[in-house]
Amino acid sequence: NAGVTQTPKFQVLKTGQSMTLQCAQDMNHEYMSWYRQDPGMGLRLIHYSVGAGITDQGEVPNGYNVSRSTTEDFPLRLLSAAPSQTSVYFCASSWQGPTPRFDEQYFGPGTRLTVT
Amino acid sequence: TQLLEQSPQFLSIQEGENLTVYCNSSSVFSSLQWYRQEPGEGPVLLVTVVTGGEVKKLKRLTFQFGDARKDSSLHITAAQPGDTGLYLCAGVDFGNEKLTFGTGTRLTIIP
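Protein chains in written order, with my numbering: chain Z, 1 to 116; chain D, 1001 to 1111.
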C-alpha cells in the first residue's frame, strides 16, 4: 500500500513550457485534490475531484487544468508555465472529502517546481 | 475566501517549555483540523475537532475548538525536539467540499 504518490519530486521549467504533475493513490479514495504551498500562505486549493469524471475549481485554479478519468489518478497540467507558479505542489486524497466529520486527508510527498 | 490566521508565525523555544499556538478566523467552520508538516514531506493529520468548545488530547498536545467555532488553539506541554515542524490548521466550511488552510506556525524546539 503506497498511499499517495507524486512524480516528479523536482522540476525546473522555462516560462511558457507545459507539463503534467502526476498523482496516484491506491486507497480507493473518492476525493482527491491539488494544493500549492507558498511561504507564509499555507496551502491553497487549486482543483479538486469528488469522484471519477467530476472535477471542480478551488481557490487558485487559473493556469492549471485537471481531469479524473480513473479513481486512482488525478494529474495536474500546467498549460503555459509562469514564474508565479513556482511553488511546492501537494496532491491529497480522502475517502469522502470534507464533511462535518471530515475524513483524514492523506498527502503525497510533494513536487517542488521552479519556473525560470 | 475565508481566511485562517495563525499566530505566532515562528516560535523557537527550549526543550521542556510549554507553548500555545493559535488559529483565528472571522468565519464559522463546521470542523477544524490540525496538521503537522516536516521538511520535504506532506502534512499529516493530528486531530479533527467538531463541536464548539471541544477539547482533544494527543499525548502532550491539547487541542481546543472555540465555542463559536471560529478559532482553535494547540497547546504543547514539555516540548521535545521531535515536536519541531510546521503546524497548520484547516477549517471545513458548512456544506462546502473544501478545506481552508491557515498560514502556519513554524515551531523549533531547541535541545
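Since the hints were made in silico from the structure, they are not lab data.
Idealized CB from N, CA, C, for every residue including glycine.
One or more hints might be untrue.
Stated by the list, open to error - Counterexamples of contact, computed for chain Z against chain D with all Cβ distances above 10 Å:
| no. | residue |
| --- | --- |
| 1 | Gln17 |
| 2 | Asn62 |
| 3 | Thr86 |
| 4 | Ala92 |
Said to hold, decoys possible - Restricting the straight-line Cα-Cα distance to at most 25 Å, the calculated cross-link-like pairs of lysine to aspartate or glutamate (DMTMM-like) are:
| no. | chain 1 | residue 1 | chain 2 | residue 2 |
| --- | --- | --- | --- | --- |
| 5 | D | Lys1056 | Z | Asp73 |
| 6 | D | Lys1070 | Z | Asp103 |
| 7 | D | Lys1098 | Z | Glu59 |
| 8 | D | Lys1098 | Z | Glu104 |
| 9 | D | Lys1070 | Z | Glu104 |
| 10 | D | Lys1059 | Z | Asp103 |
| 11 | D | Lys1098 | Z | Asp56 |
| 12 | D | Lys1057 | Z | Glu30 |
| 13 | Z | Lys9 | D | Asp1067 |
| 14 | D | Lys1057 | Z | Glu104 |
Which hints, by number, does the structure contradict? 4, 5, 12 and 13
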